[in-house]
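When you get a sec, could you build the whole thing from the sequences and use the hints?
Chains P and V are the protein sequences, given in the same order. Counting along the first sequence from 1, when you hit position 65 you're at 65 in our numbering, and nothing is skipped either side. So the number in our numbering is just where the residue sits in the second sequence, counting from 1, plus 1000.
Simulated from the structure, these hints should not be mistaken for lab results. Misleading hints may appear alongside valid ones.
[Claimed, not checked] Coverage of chain P stretches by chain V, computed from C-beta distances (three or more under 8 Å per stretch; other residues unrestricted):
| id | region |
| --- | --- |
| 1 | 58-65 |
| 2 | 92-103 |
| 3 | 155-164 |
[Stated by the list, open to error] In silico lysine to any residue, SDA-like type, Cα no more than 20 Å apart, as pairs:
| id | chain 1 | residue 1 | chain 2 | residue 2 |
| --- | --- | --- | --- | --- |
| 4 | V | K1258 | P | S36 |
| 5 | V | K1243 | V | M1196 |
| 6 | V | K1254 | P | K22 |
| 7 | V | K1243 | P | E189 |
| 8 | V | K1258 | P | K178 |
| 9 | P | K149 | V | S1069 |
| 10 | V | K1243 | V | E1289 |
| 11 | P | K56 | P | E77 |
| 12 | V | K1243 | V | I1108 |
| 13 | P | K178 | V | E1296 |
| 14 | V | K1085 | V | P1118 |
| 15 | V | K1254 | P | S98 |
| 16 | P | K149 | V | L1259 |
| 17 | P | K22 | P | G115 |
| 18 | P | K22 | P | D80 |
| 19 | V | K1258 | P | N45 |
| 20 | P | K149 | V | R1300 |
| 21 | V | K1088 | V | Y1060 |
| 22 | P | K56 | P | A73 |
| 23 | V | K1073 | V | A1107 |
| 24 | P | K149 | V | R1295 |
| 25 | V | K1243 | P | D175 |
| 26 | V | K1243 | P | Y134 |
| 27 | P | K149 | V | D1255 |
| 28 | V | K1258 | P | D147 |
| 29 | P | K178 | V | R1290 |
| 30 | V | K1100 | V | Q1089 |
| 31 | V | K1243 | P | Q174 |
| 32 | P | K149 | V | K1292 |
| 33 | P | K178 | V | Q1299 |
| 34 | V | K1243 | V | Y1060 |
| 35 | P | K149 | P | G115 |
| 36 | P | K22 | P | Q174 |
| 37 | V | K1073 | V | Y1060 |
| 38 | V | K1254 | P | D80 |
Please read all numbers here as calculations on a predicted model, not as lab measurements. Backbone N, C-alpha and C define an ideal beta-carbon position, used for all residues, glycine too.
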Amino acid sequence: MGIFGGNKTPKNDWSAMSTVIKAEAKLQALGEITPSRRAGVIYRNDESNSFQRDIKIELNDVLYSGEGSTKTAFEIEDDDRGMRWIVLEDGNFSDLVSTVYTVGNAIGMNDGADGLLAAVFELYFTGTVEDNTYRSGLRTYWIYRYDRKAFYPFVPTGENEGERDRPAEARLGQDLRKHGLAVEKSLTEWMGLWGIPF
Amino acid sequence: MTSTSTRKFHKDRGLVTRMYFTMFMLGFLYAVFALFLMAAGMQLMFIGGIVGIMVVVQYYMSDKLILRSTGAKEVTAEQEPALHKMVKQLADRYEMPMPKIAVIETAIPNAFATGRNPQNALVAVTTGIQQRLNERELQAVIGHELAHVANRDMRVLAVANFLVTVTSFLMTMLFWNMLFGGMGGRRNNNGGGVMMVYLVTIIVYFIGQLLVLALTRYREYGADHTGAEICGDPGALADALEKISGTVNNIPDKDLRKLQTANAFLIIPAALKGEGSMNLFSTHPPLEERVKRLRELEQRMRYGLR
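As structure tokens, this is what we get:
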């Protein structure tokens, strides 16, 4: 981004994921977004991986004992598709983001990179969407896909696959992009996650 | 944002190369075909003459023909002051004279430009697109249409279409010729020859059609690019395209967890992306791809890269 015309697209997870901090702050200042305290990391659980087998102990280590640790609370939840959620809670949004990054990074560094699916943030949206209908305090998820290194909004309207608020997602996607978030360019990649445990 | 109001547009080099290659292939195809026809004893001048007149009429009358066939009504500055002002500003940036402006009364969002050169250009928008887009997006759409005029796309496609039309004309004639053995009873001594010429014509027609479609798509990307440079806001056209095409429906039903399992076995589909056979038949490039390119251009422009 400098005068040498370097990175036009973020190459690593942190530079992509951290765009969410600024975008969130701007939208919150505009009164469009309120963060919840929750976020999560979802990955394909692999019992043959020792780090993942002892995930609770390992994360306690990573999140509580390290220097500059954010002391973010976490919980572990398994879903019925062989996926494991690390659910994190922190009142400070930028702490929450860096913890999410840290958790994903720790899993990735310990031979789990291929199984990392997504990081998910929960936020509330208020505003008018594309078809001129108004949403107030709508629960939205901002999904970060590790394989695409990009975000997209996800607004489920039910528990079943395919039930989502597309006009709200499209509107939010435009706004987020405008405010500097690394948004997934291809809409067909905006895959949902139904049954998020937070 | 830095000023972009220079006349020289930054060209997408890969695109320009592909475009010229396609045009070259098209020219080559028809040159060979003409030689073949002459060798087979066909009277080229006659067919070329008829089609030529048709194309010239279309070329010079295109604005009037289109006004008539679409029900577009030309509007004055008094009738549509905002639209007039917007078009005027854009035309100034392209350094072209003020084009005629027309409005089509329909809810379907659309816009087009026509005219053989900037002096005879016409821009038309539907009332549907006026209602649906905001000012920034409408400006991007008109910028795209004026780019077609500035890039002389009508002329390029008129020539390309001329050749394809000649072939299709010839195909029809040969077909009736074979059925009824017209043209002075040459059927008996030349039956096999006509069949041969007919088959070659069909093949040339098919290849020519594909090349013209490819060329059209390249011109479309080109207009996206030029328009974005002129407006300085590639994201605006991307937003507009998404809004009017209902691409919201491209947001999938699928759960992300399913992808992970399926993806391990999908090696070929990724390789098949791009110029797949589906794309060959569509005049406009896939919208997703256009939007993606515009978003990339937006990023490059935002960070001052070229």
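Output the numbers, in ascending order, of every earlier hint that fails for this structure. 1, 2, 4, 5, 6, 8, 9, 15, 17, 18, 21 and 34
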